[in-house]
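Engineer: What follows is each chain in one-letter form.
Protein chains: 2
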Amino acid sequence: MADKRYEILEAKEAVLADNDAVAAGTRVLLKEKGVFLVNLMSSPGSGKTTTLLRTIDALNDRYRIGVIEADVDSDVDATAVADAGAAVVQVHTGGSCHMDASMTLEGLKHLDLDDLDLVFLENVGNLVCPAEFDVGANRKVMILSVPEGDDKPLKYPLMFTVSDAMLINKIDVAPVFDFDYDSCEQRAKVLNPNLFTTRMSSLTGEGFDAWLQWLEKEICRWREEL
Amino acid sequence: MADKRYEILEAKEAVLADNDAVAAGTRVLLKEKGVFLVNLMSSPGSGKTTTLLRTIDALNDRYRIGVIEADVDSDVDATAVADAGAAVVQVHTGGSCHMDASMTLEGLKHLDLDDLDLVFLENVGNLVCPAEFDVGANRKVMILSVPEGDDKPLKYPLMFTVSDAMLINKIDVAPVFDFDYDSCEQRAKVLNPNLFTTRMSSLTGEGFDAWLQWLEKEICRWREEL
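Line order of the protein sequences matches chains Z and W.
So the first sequence is numbered by numbering that gives the first Met the number 0: it starts at 0 and just counts up by one.
So the second sequence is numbered by numbering that gives the first Met the number 0: it starts at 0 and just counts up by one.
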């Protein structure tokens, strides 16, 4: 390409490459500190905060837990999470519909990592862009709630492709919705055969243990690799 | 600023300014063709497609209806909408989490506007970025479904600020959710005192007439201004 007189910048690819470099650095930091980071993603209102609160309640005696709360411009969840006993930092994305690696690293810097074992990033409620950005987490977990419908893997495939676990939430209200669990899981597994899936209600606690068991198993596997 | 040796580009502002210019042009085109364009926005799974299908069914004998179906990368809704009797074009946003004015104009060019009175854009399921982009529509309508929770105006304020109407959908399942209609509407109206709000179920049809009446009134008002 010696005769090329100008450069073509694929801006999005460049942004994502920069992001990936920061994310890789974040994982080095997390390894050094022995902190396991979970990137929790879903649509608005799928139950990220309720899931977090119940998870903190269940694991608080065995892990020192921190939470990065990401919101476009509010802090309605941060107080509830702090009340549950986790160390919390609220990140405002300034209009951005997703967290990237730099914003997440800034959030981590505002937590005392020497004093934590497990950190959750509660990402912005959005099934599209958060899937594109590696934030440096050790595992990506997505929640799909029953009221959203079983066709979502068809419409937002990347989220299901990149996640390690899909928690089908709000099964307590399944009787009033037309949601086909098998079809949903099958659609997701076509995209991602290794996806862990479970059915649960963060509100009632039904099925919640399977999620906790998966999470603790993943933390153990990660620690063994350290 | 004569001594300034370089320009600072506020990239996002520039993109939005370009977008607004295209949107203004689209509204001139729509006026010329006598076509009323509605930008329909919500989270994934709030009921945009079900609302559209029932709306088409109710208005099909009085308006010639077209639909621009926007999806990241699928066409699962387009067939259903075409079956309902509307002229449909499917737009793939190529990974983008929102429609902008140029993509919408492209969609309109693929519909026969001389043969239509009313076009709905079913935007990408997302409560964040679609609110930022004027697509050239005559009215912006958002759906918030009961399962998402009554706190959403606090967490995604721009969507509620820029919309002309908020349809609170899935009231048929309200008994199994803890949703405070009054608080939700109050939170939205603090952001946007002129917001039309209504409570309905696109599934059962309960409360649906208020939405149709509002829409027809807005179409009449727009036609009077032509």
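Read the hints as simulated data drawn from the structure, not as lab findings.
Possibly wrong hints are sitting among the right ones.
Okay, derived cross-link-like pairs now, DMTMM-like style, lysine to aspartate or glutamate, Cα gap no bigger than 20 angstroms in a straight line [claimed, not checked]:
1. Z:Lys188 with W:Asp72
2. Z:Lys139 with Z:Glu224
3. Z:Lys11 with W:Glu9
4. W:Lys11 with Z:Asp74
5. W:Lys11 with Z:Glu224
6. Z:Lys11 with W:Asp17
In this text, all values refer to a predicted model and were calculated from it rather than measured experimentally.
Engineer: All hints, please: hold or fail.
Structural biologist: Each hint tested on the structure:
1. Z:Lys188 with W:Asp72: Between Z:Lys188 and W:Asp72 the Cα gap is close to 18 angstroms, so the pair holds against 20 angstroms.
2. Z:Lys139 with Z:Glu224: Holds - the C-alpha atoms of Z:Glu224 and Z:Lys139 are around 18 angstroms apart, at most 20 angstroms.
3. Z:Lys11 with W:Glu9: Given pair Z:Lys11, W:Glu9 holds - Cα atoms ~17 angstroms apart, limit 20 angstroms.
4. W:Lys11 with Z:Asp74: With Cα atoms ~25 angstroms apart, W:Lys11 and Z:Asp74 exceed 20 angstroms; violated.
5. W:Lys11 with Z:Glu224: violated (42 angstroms)
6. Z:Lys11 with W:Asp17: holds (19 angstroms)
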